[in-house]
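Student: Next come the chains, spelled out residue by residue.
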Amino acid sequence: MPKSLADLNDLKTHIALYDSESAYQQLFKYLFPSLYRFCYCILKSRELAEEAASDVMITLWRNRLKMLEINNIKVYAFVIARNVSLNILNRNHKEELISLDDIQIDILLDAHNPEQLLINDELKKKLEMATQSLPSKCKLVFKLIKEDGLTYKETATILNISVKTVDAHLVTAVKKLSTILREEFNLM
Amino acid sequence: MDKSLIIALLSRKMAAEATQEELEQLRLLIEENPDAIYYEEILQELWENNSDSQMPQSDLDQIYALHRQKYKADFIINPVEEIPAGRHGYLQITGILLVFVVLSLLCFGLWQKKEQLSTHDTHIVAGKGIRKKVVLPDGTLVWLNAGSKLSYDTGFNQQKIRQVFLIGEAFFDVAHRKSQPFIVHTEKISVKVLGTAFNIQAYPGENKSEATLIRGSIELSVNDQSGQKVILNPSEKFAFSTEKKTMVIDHVEPVKIGNDEYIEETSWKDNQLVFQNETLEDLKPRLERWFNIQISIRSEQPKHYRFTGVFKNETINDALMAMQLIKPFTFKLTRYDVIIY
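Note that the protein sequences, when read in sequence, are chains U and F. Here the first sequence is numbered in the working numbering, starting from 1 and rising by one per residue. Here the second sequence is numbered in the working numbering, starting from 189 and rising by one per residue.
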């Protein structure tokens with residue numbers, strides 16, 4: 001359900017100007033799954049991730065008057081999600097301050113597509129194993145771009161890194177996958 | 189070496205961040221290294237799985253219901269949804285009606301004092317979005333534009349002077365009576381005629397009053413400068429600025445749109461809204477009256493866009509879409525409101 005930026009702007013206007021709950025509901029249903037998955041990567045708990053994503057959404061609603069000033073609501077929501085999730089982690093680990101770099105991120109390579117010819121379960125497991133050794137920011141970059149279809153620039157804003165770094169992280173992640181592929185398929 | 193570059197380029201391609209040159213470079217590299225096609229295919233399979241990770245709609249409904257329940261206080265504060273547009277519009281209309289009533293009472297009071305007139309008991313009102321054509325008891329034809337009101341005494345054609353009172357805009361085709369002049373009073377200006385066709389515009393809240401003569405001749409006076417009279421010739425337009433207290437007489441030039449010519453000042457009576465090189469800001473009150481709609485322009489740039497055109501039977505939606513073809517702006521239409529940004 002890729003919503004165009006124009007659709008999102010439409011929803012944004014309705015929420016900001018008319019306090020439209022139905023528009024908010026649409027926005028919720030659009031953003032929640034991605035936010036949930038993003039928070040889950042950081043929090044590793046279904047309950048906490050759900051709480052965090054819900055928290056992000058209500059923050060958007062509460063600040064709806066300022067919503068028209070926000071250019072990209074999706075990125076804005078992800079940035080809040082990042083902060084909310086890190087806050088939850090820090091709340092639970094009072095001694096040390098946790099940043100995105102310290103977190104173990106899990107990447108799931110979903111492959112339930114019936115048309116899938118080349119990727120079997122075993123290969124999928126190998127690919128997932130391979131990505132585990134990547135640094136956490138690198139994994140997050142890969143996840144945001146692959147799963148949420150975000151652009152380099154959007155990803156850079158969310159993770160607070162440069163566009164160049166985003167590109168480097170993505171290339172690193174894909175390289176890691178390709179080493180597995182090379183062995184698997186006896187490629188060059 | 190090549191492989192490393194191929195992977196980097198493939199990554200960018202998957203992320204939809206590759207430039208044209210990079211895509212071309214990738215294509216050439218893959219031609220040289222046919223094995224690379226496998227990488228591309230497998231990566232594509234991995235990438236295309238986004239939709240699998242979406243939650244089912246039913247789960248989302250439930251999650252939203254829980255979310256709504258958890259934060260219900262936040263939604264109660266402002267329980268009205270979408271309706272504000274309508275309610276808002278309603279309030280505005282009531283407001284305008286009130287302004288009308290107050291203004292007409294005021295004018296009424298003033299005229300009574302000044303001219304010692306008896307109460308005028310007939311009122312013809314054309315609401316916003318409505319244009320009316322009426323025949324007065326003396327045979328005079330009046331087209332009343334949207335958001336206007338015409339008042340007179342039932343027996344006005346038996347008086348020595350025929351007098352009517354106008355708020356807003358009207359086109360008069362006055363029945364000729366040699367010994368019985370016809371006077372249109374508005375808040376700021378008055379027009380005295382024998383028999384002629386002219387348009388007069390005096391909307392409350394606008395900073396100018398105008399009279400345009402089509403044929404015959406009319407005598408104009410500004411109400412608080414009753415000594416000064418202005419005679420208008422056909423195809424001339426008189427404008428009185430209420431702010432600067434200045435009077436300007438202009439020649440009326442027909443507006444040429446396509447192969448047709450229109451007279452901007454009077455075309456409204458033929459159900460044509462004509463405008464020439466007008467800024468959206470100036471056009472706003474006219475569009476509001478014409479379509480019975482409230483327009484708010486929320487960004488600075490569209491206010492200064494200039495438009496020339498004619499609307500005939502278009503709905504507000506058609507009209508705005510046509511204007512969008514000329515200048516880029518976005519609009520949002522609800523029942524009584526248009527937001528332009």
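The set of hints was computed from the structure by calculation and includes no laboratory data. Treat the hints with care, since some could be wrong.
[To be verified] Restraint-style ranges between C-beta atoms, simulated for each label pair:
# : chain 1 : residue 1 : chain 2 : residue 2 : range
1 : U       : Asp-101   : F       : Gln-512   : 44 to 50 Å
2 : F       : Lys-258   : U       : Gln-132   : 39 to 45 Å
3 : F       : Met-509   : U       : Phe-185   : 29 to 35 Å
4 : F       : Met-243   : U       : Asp-102   : 27 to 33 Å
Model, not experiment: these values are computed from the prediction. Using N, Cα and C, we set each Cβ at its ideal position, and we do this for glycine too.
Student: Would you mind marking each hint as holding or not holding in the structure?
Tutor: Hint check results:
Taking 44 to 50 Å as the suggested C-beta distance range, the pair Asp-101 of chain U and Gln-512 of chain F conforms, at roughly 48 Å. Distance hint check: the CB atoms of Lys-258 of chain F and Gln-132 of chain U are about 35 Å apart, inconsistent with the given range 39 to 45 Å. Remark: the range hint 29 to 35 Å for Met-509 of chain F to Phe-185 of chain U is contradicted by a beta-carbon distance near 54 Å. Between Met-243 of chain F and Asp-102 of chain U, the C-beta spacing of about 28 Å keeps the proposed range 27 to 33 Å intact.
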